Amino acid sequence: MPRGILAAMGLLVVLALLMLVFTPGAAGSDLVQSSGNPPVDALAAAGTAEWLTTLVNYAGLVGLVASFFSIIYAYSRQTFALSRAGYLPRALSVTNRRKAPVLALLVPGALGFVLSLTGQGAMLLNMAVFGATVSYVLMMVSHIVLRRREPDLPRPYRTPGGTATTGVALVLRRRRSSRRSSSTATRAVDARRVRGLPRLLRPVQPPPPRRRCTGGGVRGARRCQPGRAVTVRRTTLAGRTWSSPRCRTCSPRRRRCARATCSPGAPPSRRRSGWRRRRCSPTSRCRCSWTSTSSPRGRRRHPAHPRHPRPRRPSRRSPPDGRRVPRLAARRAAEGDETAISGLAKGLTPEMVAATSKLMRNADLVAVGRRARVVTGLRSTLGLPGRLASRLQPNHPTDDAVGVTASVLDGLLHGCGDAVIGINPATDSPAQTRSLLELLAAVIERYEIPTQSCVLAHVTTTLRVMEQGAPVDLVFQSVAGTEGGNRGFGVTLDHLAEARAGALELGRGTVGRNVTYFETGQGSALSADAHYGVDGRPSTSRRWSAARTASPATSSRCSSTPSSASSARSTSTTASRSSGPAWRTTSAASCSACRWASTSATRTTRTSTATTPTS
Amino acid sequence: MGVDVCYTNHTDVDGDDTDVLTLLLGAAGCSFVIAVPGSDDVMLHYQSLSFQDVLTARQVLGLRPAPEFESWLERMDLLDDRGRVRELSADAPAARALLAAAR
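Here the protein sequences line up with chains A and B, keeping their order.
Anchor point for the first sequence: position 451 equals 451 in my numbering, and the numbering is continuous, going up by one each time.
Anchor point for the second sequence: position 37 equals 37 in my numbering, and the numbering is continuous, going up by one each time.
The following block holds chain B by itself, in its conformation from the complex (with noise of 0.2 angstroms):
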């Protein structure tokens, strides 16, 4: 079971409670949560996670992706040496690998 830590803009909530309670439900060991890109969601129009934020509580709680994912990812050399999703530049092979979809 997941938790989408959203919220809508005319409640009086910010990242800070989003941040607790993404905290929280790692410490509680919630199975996901939902990201989106910059956290800001322009269909549904309201604020979730951003796909950072889920790095940090993965970090912050040392919790780690499903494991056929986290396979996948080191397959694609998406990680580091330590496990952690790896900064890219625009021209790293997976980076690169994964943009052509797009073109």
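Bound conformation, chain A alone (with noise of 0.2 angstroms):
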């Protein structure tokens, strides 16, 4: 605690003794019992100068007006938190330029105003300590029902004593609350109502039973003791009550499901015996996933929730249809050659592409992902059989053209910057990404390295800059799946149209004309709020649609070839921090602009990566 408040309380202790002892000494019990001022009337009585009790009075009054000032700052900084949290109208909580909430302090103080002139100052007062009270019975209530609800949540403070403490408190404040009651003037306020109280206590469960752990959890989570008695968490979900076999150590961490649509903000975190996991993974920990087993009407699915859309139940015994044909096609077009998926290219759907690689495992998006290559080329050529490229990231937090030349030469001395030397800028500049633009080039013109350059900056600075000169080797773009993502990007398929015929105007490539790099992933179209509710994949899917369209066939191979690179960040970084499902999205040759080219949003588990197949 504060040392503060100890000093401040120890203080108040001293003073209310002293007080005790001195004013009845002073005056006599008589006198003291009926003044209204008692260390004035003492002073006065014991015959003190009047201006020694003209001071002592105004000392009380500028004290009583200090703790006016302490109230004018809670009552109004409480309306404003009531009204951030919406419990009052939003217009309490906005302030002014300094920071102060002024309706909050204006309409209460304006109301306390217009009740002080009723005149019933005494029943005023009366009501307000009568309403101080009940706050402080509804804090020692809900200390009680807290500590009994959850007895294992983590505390930044322990109450000493714990709920001993507070049921003391309580009883007091009761004791108290009731006598005040029954002056005259709260009488309206019927003291059965703080007797009514204890209902709130009602809905307080039986601590929870003590169980043994039954260990194990999921692979990779610490394990306790077996055999160690742990307290069974319980949660009420859905009218029914879920309790947990294992302990806090053993159980897993939290996880967000894999699965987009299910769980955009919902922490799976607890097992519930009694469901039956069907369709997550082991160590996802979410609502969709569990059948129930126990409810009272037998077995059914759960309730079902609007974020949490019921899976599919597949049976056990033999796989659906909708599994094996998949798979079957994918080992057919691995058999065959390549031109059994570029051929099918055209004719499928994003959203083709995505559901049939959710049904596909990994080795299968390996398989097809081998058959579905796609050959670009500005200054290199990548895509071809038995490469793997690598784009050389010499980010500086600073942009610092001597840490960034250090990083592009350790990278080259290793060998990598083949696909693009590609700087993500820390600001996005015109002239900062001019800079950068010129340093690269002038590292590739001088020792003629047959690769471009990339500064990551957004699309319309890219335009300006080359407008300006700059040597532009590839446009860059993160796209979106969504038009309502395209727009949280700022971008417009005109925009990297524009783009795109700006960069093959300056003519920089030697092997291929591929000059667009658009980036995937990262869940933008859930940051955006821009997902319409659709799962990660097929928005990830859609999102070379909007590739292809932006950059249209330049090759004669492919029916498309547009970009020279695309990525993908296989981590989502925006989308967890956006508190949506973490998923990992990646991807393997996939030809950007190809309607067949699909990502697979894997779990970031251990366990699970996978990559994906497209043309």
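In silico contact screen, one side only, chain A against chain B (beta carbon under 8 angstroms); selected entries:
{"id": "1", "residue": "N362"}
{"id": "2", "residue": "G369"}
{"id": "3", "residue": "S380"}
{"id": "4", "residue": "G386"}
{"id": "5", "residue": "L388"}
{"id": "6", "residue": "R391"}
{"id": "7", "residue": "N395"}
{"id": "8", "residue": "G415"}
{"id": "9", "residue": "A419"}
{"id": "10", "residue": "A426"}
{"id": "11", "residue": "Y447"}
{"id": "12", "residue": "I449"}
{"id": "13", "residue": "P450"}
{"id": "14", "residue": "V511"}
No lab work stands behind these hints: they were computed from the structure.
All figures in this text were calculated on a predicted structure; none of them were measured in a lab.
No residue lacks a Cβ here, since even glycine has one placed at the ideal position from N, Cα and C.
Could you use the hints to bring the two separately framed chains together as a complex?
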């Protein structure tokens, strides 16, 4: 506890004791009992000089004014907080230029002023004290309820003595409030209501039973000592109570379900006995993945939740046809030549690709991905069989030229940088973008390196520096799978087409004419709240459609091979920040242009990673 | 199409996961991966692959750099007889030639 509070409380106790002893001592208990201002009356009775009496009187007044200040502070901030939380009108939390909650100060102040005009000062004071007492009582009750309902919750502060302390305080408070309410002023507020407060305690469940931990948990989770007694966690959901058979140590860490559709924002942390896992991986803890086996109506599915669509229920005995067919097709494609896929490409929508890839296992994805080759190039050729290129990413926190150059040389000496030397600039300013572009161009020209450079600024910034004559090899842009997502990025297909045309005009290629670099993944549609409830995978597949539309075919080989490079960030960063599902988007060998592009969104677990087939 | 095999530090992912993914991608014929010095991107604050990881994937899976770039590496004397990136000392001619740019 802060020392200031302790010191203030100590001082208060000392002063109160002094007052208790000295005022009756000086003036006699009869006078003090009926006095409205005991210290002043005591001084007057003891025959002190008048100036001292006046001084003490004013000192008392100053103290009163000081407490008014704290009351004003408290009511305004409380009003502000209640308004922010939605319990009071929104306008009450508006602040002025200096961040003061003006309306929260003025409105309750005006209410108080109007009430003071009623002339019922004593009653108002009693009501205020009664209200404060009730709030204290509720605090004590809340503490007891919290300790019983959530005994394992991590706490920054523990009440000395625990619920015993609050219990005693509660009883004292109640007695006090009952006595208060017996005064004439507050008789209007029935004291029986206060006695009814224990009803609030009724929802409190009995302490959870002690059980033995079943141990285990998922791979990678810490194990507790087998058989250790644990507090079984309980939670009430959809009208039923679920309990966890494992202790906190054994329970797997909180993870988001891999299914983009099922868990925006839901921390799927609890394992519920009586629910059997159906869909999700052994490590995700999502409500959608459980089906009830203990419902009153017998086995049934989890009640539909708007954000948790019911998963389809696969039969356990034989895999449904839906699973067999795509895998067969995948095998056939893997055995045949790559035109089997390329020829199909134009007939496949992003949704078809997303759905099919979801039914495929990693091996299927690898097998098909190998057959879906897309060869592109500007000054180096990418996508040839037996080749693995790399983007050298010499990012620097301050875009420092020497730092960037050092990273570039480090990469070149390690044989990296053949796909592109691409910098994510720290700032998106045209000047910075231009100086980085010139730096990279200088290195590439000096050593005649057959690669391309890119500064991953916004496409509009790139357009601007291109007009100023900067050496732009690849035009970069992050793209989303929905129009709303692209709006979130601040791009339209027109921007992309314009930038591509501009870069082509510069004619900086030697082996090819692929001048765009698109980045996908990262759950950007979700972050921009433009995913329309659509799963992450079709959304990702659509990004390539957007890319293809932006960069129509320039090569004669594939029906469309628009961009020299496109990459998917493998772990979503923005998505997890925005409390979306943390999936990892991976893809392999995709033609950014063909519809047949897809990614597979897999859970960020230790075991599963996936690659993707594409054309 | 390439992939940035990366993760942010608040996810439950480590180097083993990126290794698995890199090898799967290499097997699937991914065009390129992204690499940063020391696998730590000091600007974006996330972990990606290191240059050495790319070399590992190429060696393990028998893959080679882009053809034009490969011949440039040869020209710069950065490859050994078996086509692998050569280990360089600080005073090697290739290193010196490249490091001249940093001065």
